[in-house]
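Engineer: Here is how the chains run, residue by residue.
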Amino acid sequence: MSRAQLTSTVEQNSAGAAAPVVAGKNAVANGGFDIWQRGISFSSAGYTSDRWSGSNSTGTLSITRSTDVPSSPKFNYSLSLANTSGTYPQIAQRIEAANSTLLAGQTVTLSFYAKSTAGSNSIYWISSYAGSADNWSSPTNDQSGAVAITSSWARYSLTFAASASATNGYQILIGRQDASSTTSTTLVTGIQLELGSVATPFSRAGGTLQGELALCQRYYYAESNGYTLATVGGGICRQASTTQTYGTFRIPTIMRTGPSLTIVNSTGASLFSGVSNVSVTNITSNGATNTSYALSITHGSIGAAGYAIDLSLGTVIFQLSAEL
Amino acid sequence: MTITYEQQTTSMGATIIARNNEDGSVTYIPTDPANSDYQAYLATLAANSAPQANSTES
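If you read the sequences in order, they're chains Y and V. Read in order, the letters of the first sequence correspond to residues 27 to 350 in this note's numbering. Read in order, the letters of the second sequence correspond to residues 627 to 684 in this note's numbering.
Note that these hints are calculated values from the structure, not bench results. Keep in mind that the hints are not guaranteed to be accurate.
Label-pair ranges, simulated between beta-carbon atoms [unchecked claim]:
1. S163(Y) x T641(V): 19 to 25 Å
2. A669(V) x V173(Y): 32 to 38 Å
3. S651(V) x A330(Y): 30 to 36 Å
4. A187(Y) x S637(V): 48 to 54 Å
5. I629(V) x A190(Y): 32 to 38 Å
6. S111(Y) x T641(V): 42 to 48 Å
7. I343(Y) x T641(V): 22 to 28 Å
8. A172(Y) x A640(V): 45 to 51 Å
9. T670(V) x I343(Y): 21 to 27 Å
10. T317(Y) x S651(V): 39 to 45 Å
11. T317(Y) x S637(V): 18 to 24 Å
Glycine included, every Cβ here is placed at the ideal spot set by N, Cα and C.
Use the sequences and the hints to build the structure in full.
Structural biologist: So this is what it looks like as C-alpha cells:
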C-alpha cells in the first residue's frame, strides 16, 4: 500500500488527514515514558525514566512515574516533574549524532502533552547541540521558548529550524519557568521531535514496546533481581582457582559504545557449583565492550581451577551505561 | 564523599578507569573516546592540569 493510499484510508476512517504511526519518525526515545529501568521514583538529579535526565537549579526535586495521562490519545504513563520551594525543574534528552544528523539544518517540530498540578509558571524548552560528535562537555544552545500551561492535559507543538551543528548530537530540554523559589508539578508525556512543520500523531521511536525497550537498552541496561547470570545471560563463568573466578556476559542489546559498568554492592552474590553455594566476597570489572562485559570474582573456597560455575547476583546490581 | 578516579589494569591486561562514586559504588570506565564517563574523566584531568593516574573530581 502506498503512503498516499494509506493516508487516504486514514482520512476516510477519521475524517481528517493523519500521518501514519511509524517507527523512527520520532527522534526522541521513550517519549511516552514506557521504560523505567532505573526505578520509578527519583529525588536527585540524574537519569530517571530511560533516556531522560532530570535536574533543578534549587529546591527539592521529585521525579516519578504517573498514571495520570491524557484521555485521548491514551498513554501508559506520564512523567511527574515536581520541585518544592525551588527553581527551574527540568528534564532533558540527548540524541546521539548518528540520529540527530537527520535533523541538522531542517525544520523540525517538537510536540508533547502536558499539564500542571501545582504552580502556574509557563513551560520552557531549549534545544542545544554538542560541541563535537557525541561529546557534551561544551554544548551550545540552539532554540528556546516558553508556552503557558494549564491544569488540564493539552498538546503543545513548537516548530523551529534545527542548527546545522545538530550533526554533533542534539538535546531537547523541557522545564518549568520557576525563576524564583516556587513549588510546581508538571505532568508530561508523548514527547516527539520530528522533521517537518506539523506535529503528527505520537509514535514510539522504537515502533513497539519491545522496540522501545531495545532502543533504551542501547544506552542503559541493568542486571539485577537475583538472576543467575550464567543461565539467564548465557555467559560463561570459569574458575581460575578455588577462590577466583572470571566471567564474560553478553549484553542483550548492542550498546552505543563500550559502556561504563557500575557495581552496586559488591557483596551479596553467590556462586553455585551445581552441588553447593559459596559467597562472593568481591566483584570487579575486567572490561566491557558494546556487546559484553567481563567480571573478576573473588569468593570463598569451592571447586577447582577450570570448573564452570554459575553466578547468582542476590542483592548485587550491575548497571551498564553508554549514555551521552 | 568526593569522587575519585584510579587507573587500573585488569587481569586481562586492559586499561580501565575505576571511579569511586559518592554513594560508595564503583564505576569501571573503558578508555573509549565515545564513552561520556571517559570524556568526563579526561575533562577532569585537563581541569586539574595534572595528568596523573589518580585524579579527583569535585
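Engineer: So, for every hint listed, does it hold in this structure?
Structural biologist: Status of the hints after comparison with the structure:
no. : hint                          : verdict
1   : S163(Y) x T641(V): 19 to 25 Å : 21 Å, holds
2   : A669(V) x V173(Y): 32 to 38 Å : 34 Å, holds
3   : S651(V) x A330(Y): 30 to 36 Å : 32 Å, holds
4   : A187(Y) x S637(V): 48 to 54 Å : 52 Å, holds
5   : I629(V) x A190(Y): 32 to 38 Å : 36 Å, holds
6   : S111(Y) x T641(V): 42 to 48 Å : 46 Å, holds
7   : I343(Y) x T641(V): 22 to 28 Å : 25 Å, holds
8   : A172(Y) x A640(V): 45 to 51 Å : 48 Å, holds
9   : T670(V) x I343(Y): 21 to 27 Å : 25 Å, holds
10  : T317(Y) x S651(V): 39 to 45 Å : 23 Å, violated
11  : T317(Y) x S637(V): 18 to 24 Å : 20 Å, holds
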